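Numbering (the working numbering), first residue to last: 399 to 629.
Please keep in mind that the hints were generated in silico from the structure rather than gathered at the bench. What you are looking at is a predicted structure, and each value in this text was computed from that prediction instead of being measured. Please note: incorrect hints may appear among the correct ones.
[Unchecked claim] Heads up, simulated BS3-like pairs for lysine-lysine below, C-alpha to C-alpha not over 27 Å straight-line:
hint : residue 1 : residue 2
1    : K501      : K471
2    : K411      : K471
3    : K501      : K545
4    : K629      : K606
5    : K466      : K606
6    : K501      : K531
7    : K466      : K432
8    : K626      : K612
9    : K545      : K466
10   : K629      : K618
11   : K626      : K602
12   : K602      : K471
13   : K531      : K430
14   : K513      : K501
15   : K555      : K501
16   : K555      : K618
17   : K555      : K466
18   : K430      : K440
19   : K531      : K606
20   : K602      : K555
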Amino acid sequence: MSHYNVLVVDDEKEIRDAIEIYLKNEGITVIKAKDGIEAIEKLNEHTVHLIILDIMMPRLDGVATTFKIREQKNIPIIMLSAKSEDTDKILGLQVGADDYVTKPFNPLELIARVKSQLRRYVTLGTYEGAADKIIDLRGLTLDQAAKEVAVNGEPVKLTPIEYKIVELLMINAGRVFSIHEIYERVWNEPGYNAENTVAVHIRKIREKIEIDPKNPRYLKVVWGIGYKMEK
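Can you build the whole structure from these sequences, using the hints too?
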């Protein structure tokens, strides 16, 4: 991989150090912080390409930290959560996290998710066969060259994952994608137990692009099948 900086945020030193070993073996530079406040300080001091962020931390937890980061930056965030923290995990996705890994985690799984998120963030590549262009669906526009989305000319601030979902659906406007298809195409891995993850991101996208998210004009659900972007 190219040279990347990853910020690892966890109040347990052993976990920070272990993740650092795994990432360094991949040629990735690791910056460490013990809580959310220190993480935000590190973000202002360093160029960071991805954040691995624990949910349960003193002073400023992972959910609050994600919310603060998303006010300024679209850096991919992978949350670390214990199985007992499902509610916090969903809340983390709602405020802008891109993915999560459950503790105790498999190092190979963590590395795979880090690489996948870094590829999307740094390249934000288009899908095969899709030439860079501007797509316009009744006022919802996507500029593939600039990687920007706007509604009636007003820019919409999307996270990298949200952008890729919108891009997939807009390129294929009218086509229905199942939850598992969306997950496999966007996250680039098998879509097992993907329902909550995709649903949270769809809800956040609707809140950003729809005038009335409960009565969406663009991003429609096809009950029992999946989602589509209306032509």
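Hint check results:
no.: 1; hint: K501 to K471; verdict: 26 Å, holds
no.: 2; hint: K411 to K471; verdict: 26 Å, holds
no.: 3; hint: K501 to K545; verdict: 33 Å, violated
no.: 4; hint: K629 to K606; verdict: 18 Å, holds
no.: 5; hint: K466 to K606; verdict: 17 Å, holds
no.: 6; hint: K501 to K531; verdict: 41 Å, violated
no.: 7; hint: K466 to K432; verdict: 16 Å, holds
no.: 8; hint: K626 to K612; verdict: 15 Å, holds
no.: 9; hint: K545 to K466; verdict: 23 Å, holds
no.: 10; hint: K629 to K618; verdict: 10 Å, holds
no.: 11; hint: K626 to K602; verdict: 15 Å, holds
no.: 12; hint: K602 to K471; verdict: 16 Å, holds
no.: 13; hint: K531 to K430; verdict: 39 Å, violated
no.: 14; hint: K513 to K501; verdict: 19 Å, holds
no.: 15; hint: K555 to K501; verdict: 30 Å, violated
no.: 16; hint: K555 to K618; verdict: 20 Å, holds
no.: 17; hint: K555 to K466; verdict: 14 Å, holds
no.: 18; hint: K430 to K440; verdict: 8 Å, holds
no.: 19; hint: K531 to K606; verdict: 22 Å, holds
no.: 20; hint: K602 to K555; verdict: 11 Å, holds
In summary, the numbered hints that this structure violates are 3, 6, 13, 15.
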